[in-house]
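Chains as they are written, first to last, in the working numbering: chain G, 486 to 664; chain W, 28 to 151.
Fair warning: there could be bad hints in the mix.
In the DSSO-like style, the derived pairs of lysine-lysine whose C-alpha atoms are separated by at most 30 Å in a straight line are [claimed, not checked]:
1. W:Lys-145 x G:Lys-617
2. G:Lys-578 x W:Lys-37
3. G:Lys-586 x G:Lys-495
4. W:Lys-37 x G:Lys-617
5. G:Lys-617 x W:Lys-142
6. G:Lys-615 x W:Lys-113
Treat the hints as calculated values from the structure; they're not laboratory data. Keep in mind it's a predicted model, so treat the numbers as computed, not measured.
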Amino acid sequence: MLNQSLYSYKDALDKEGIIFTFCGPISHDIVEGVGITLKSQMQESDVQRTTAMKVFAIFIEQVQNVINYSQERNDLESDMGMGIIVVGEHEGKYFIIGGNKIKNSKVSTLESNLAELVAMNRDELKAFYKQKRQYNDNDDSKGAGLGFIEMARKASEPLTYSFEKIDDEYSFFSIEANI
Amino acid sequence: MTRLQIEKTKSSPEIDFNPQTHTHRILGESYPENTTQFYDPVLDWINSYLAEGYEGEMTFNIELIYFNSSSSKILLDIFDMLDETKNDKIRVNWIHDEDDEAMEEYGEEFEEDIKHIKFNIVTK
Numbered sequence: 486m487l488n489q490s491l492y493s494y495k496d497a498l499d500k501e502g503i504i505f506t507f508c509g510p511i512s513h514d515i516v517e518g519v520g521i522t523l524k525s526q527m528q529e530s531d532v533q534r535t536t537a538m539k540v541f542a543i544f545i546e547q548v549q550n551v552i553n554y555s556q557e558r559n560d561l562e563s564d565m566g567m568g569i570i571v572v573g574e575h576e577g578k579y580f581i582i583g584g585n586k587i588k589n590s591k592v593s594t595l596e597s598n599l600a601e602l603v604a605m606n607r608d609e610l611k612a613f614y615k616q617k618r619q620y621n622d623n624d625d626s627k628g629a630g631l632g633f634i635e636m637a638r639k640a641s642e643p644l645t646y647s648f649e650k651i652d653d654e655y656s657f658f659s660i661e662a663n664i
Numbered sequence: 028m029t030r031l032q033i034e035k036t037k038s039s040p041e042i043d044f045n046p047q048t049h050t051h052r053i054l055g056e057s058y059p060e061n062t063t064q065f066y067d068p069v070l071d072w073i074n075s076y077l078a079e080g081y082e083g084e085m086t087f088n089i090e091l092i093y094f095n096s097s098s099s100k101i102l103l104d105i106f107d108m109l110d111e112t113k114n115d116k117i118r119v120n121w122i123h124d125e126d127d128e129a130m131e132e133y134g135e136e137f138e139e140d141i142k143h144i145k146f147n148i149v150t151k
């Protein structure tokens, strides 16, 4: 029974430095509620304001990505997307990881876009951000398509990501930002 | 032209656009559930307001603590609309906390592309 092993589950999360994790249907209420909790938690533990705001900003982009792009949802029009979000701290560094199912057909485009992004330096990221913001030609994008660039600009190391094939139709996509 | 007032929520800013005083403001945090839905009335209002062709000073005070990437796109759309009037009586005040360097940098990035209107980065 899971309730008997819940402590060991929590203990395992604590050992990984996980501050917060959510797995399941993600809605805008989670974005607001958890975002605010996360900010207060960091303020209470005297985290530098700049760092706290970066963690918050990346959290928002990660969660809104899951809501907008997860292919696992009750129906296509649903305001919720299924996915997983993990926020933690390890040796003074924060990590924010987001994961969700995507269609296999989207993998190669996303993978090459991200490869391009992680190879960029600060100035290139800024130029790319401004260019994307001005000329938004990505029809597939519900947001401005700027989320990953914003995350890359806020993170102190290049983003890392992975794709795991689930079946003939879907893959699991995950992306991590470190601060 | 009627005044546009929208109360702030946890994830959307307060909007107060006043066609009598010609001082307008956006205040708070911006990461709404549906950015387009939230900002469409705002963009429509600005469009009609600019079309009236007021000849005096017009001020837009933007005082945001946080905005997400899709709100950033909308802010650019707003500044583009204002700049396209080529009216130097339009002033944008980008207001940020003194110790908020990130917000100052965002302001500078918008400022780089503005050609005609006044764009001031102001600390409070």
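**Violated hints, by number in ascending order, as checked against the structure** = The structure conflicts with no hint, since it agrees with every one listed earlier.
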